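**Student:** Whole structure, please, built from the sequences with the hints as guidance.
The sequence shown lines up with residues -15 to -1, 1 to 153 when you count with mature numbering (1 follows the signal peptide of the UniProt record, and there is no 0).
In case anyone wonders, no lab produced these hints; they're calculated from the structure.
Just so you know, these numbers come straight off a predicted model, no measurement behind them.
Heads up, the beta-carbon is just placed ideally off N, CA and C, and yes, glycines get one too.
Check each hint, because a few of them may be wrong.
[Claimed, not checked] Below, computed lysine-lysine pairings styled on DSSO-like, alpha-carbon distance capped at 30 Å:
| no. | residue 1 | residue 2 |
| --- | --- | --- |
| 1 | 77 | 29 |
| 2 | 136 | 29 |
| 3 | 115 | 52 |
| 4 | 6 | 29 |
| 5 | 109 | 127 |
| 6 | 6 | 136 |
| 7 | 29 | 52 |
| 8 | 127 | 115 |
| 9 | 115 | 136 |
| 10 | 77 | 127 |
| 11 | 77 | 52 |
| 12 | 29 | 115 |
| 13 | 115 | 11 |
| 14 | 52 | 136 |
| 15 | 127 | 29 |
| 16 | 115 | 77 |
| 17 | 6 | 77 |
| 18 | 29 | 109 |
| 19 | 11 | 136 |
| 20 | 29 | 11 |
| 21 | 6 | 109 |
| 22 | 52 | 127 |
| 23 | 109 | 77 |
| 24 | 127 | 11 |
| 25 | 11 | 109 |
[What the hints assert, rightly or not] Quick list of the computed label-pair ranges, beta carbon to beta carbon:
| no. | residue 1 | residue 2 | range |
| --- | --- | --- | --- |
| 26 | 85 | 31 | 13 to 23 Å |
| 27 | 94 | 31 | 24 to 34 Å |
| 28 | 90 | 50 | 34 to 44 Å |
| 29 | 29 | 6 | 16 to 26 Å |
| 30 | 78 | 8 | 34 to 44 Å |
| 31 | 136 | 41 | 13 to 23 Å |
| 32 | 32 | 95 | 27 to 37 Å |
| 33 | 92 | 52 | 13 to 23 Å |
| 34 | 106 | 6 | 16 to 26 Å |
| 35 | 117 | 9 | 15 to 25 Å |
| 36 | 86 | 59 | 31 to 41 Å |
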Amino acid sequence: MNKLIYLMLLPVVLGESYERKEFVQKFTFHNIPATFDEANQICKQEGGNLAVVTSREAENEMLALWKRSGPVVNPTQGLNAQAFIGIQLTSKGWQTYFGENPPYFNWSSTWCGHQQPDNPAMQKCGSLLKQGGMDDVECHYKLAFFCENWKVQNTDRHNLSNKCSTYD
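**Tutor:** Below, the structure is given as structure tokens:
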């Protein structure tokens, strides 16, 4: 207990400050198709990764960005209504590029007339559908894709210095 109190008081005693940083997921949409691996490399060159859909709000933000973007140019088999996202099917199930379970799924129940994902033997990469929802797709296809970067937003700085006044 005493150690905890000392650690809590340490910044005050030393007169230091701290910053509170919030990290916000920012998306970019690429309408020039690439394979899953090529798309991931492009995202890494931009300082990010293929985007992982983390919530309904993130999905809606990505779809709105897509709708504001130009048309997808010459995708595999004319698949201009789906874009790669940062999940892949592994022996442990669907995982992000960090090897974690994705925090959010919204598999389409209507894409191609049935529930997705529907072909785990061939389709091992995740995609977001322009209509909303997710699909499994072959990783070698060239599709549009989303990248994500995490940006700092709303930084608050707090000074914890112990300012003492002396009185005569």
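**Student:** To test your reading of the hints: which numbers does this structure violate?
**Tutor:** Structure breaks hints 11, 17, 21, 28, 30 and 34.
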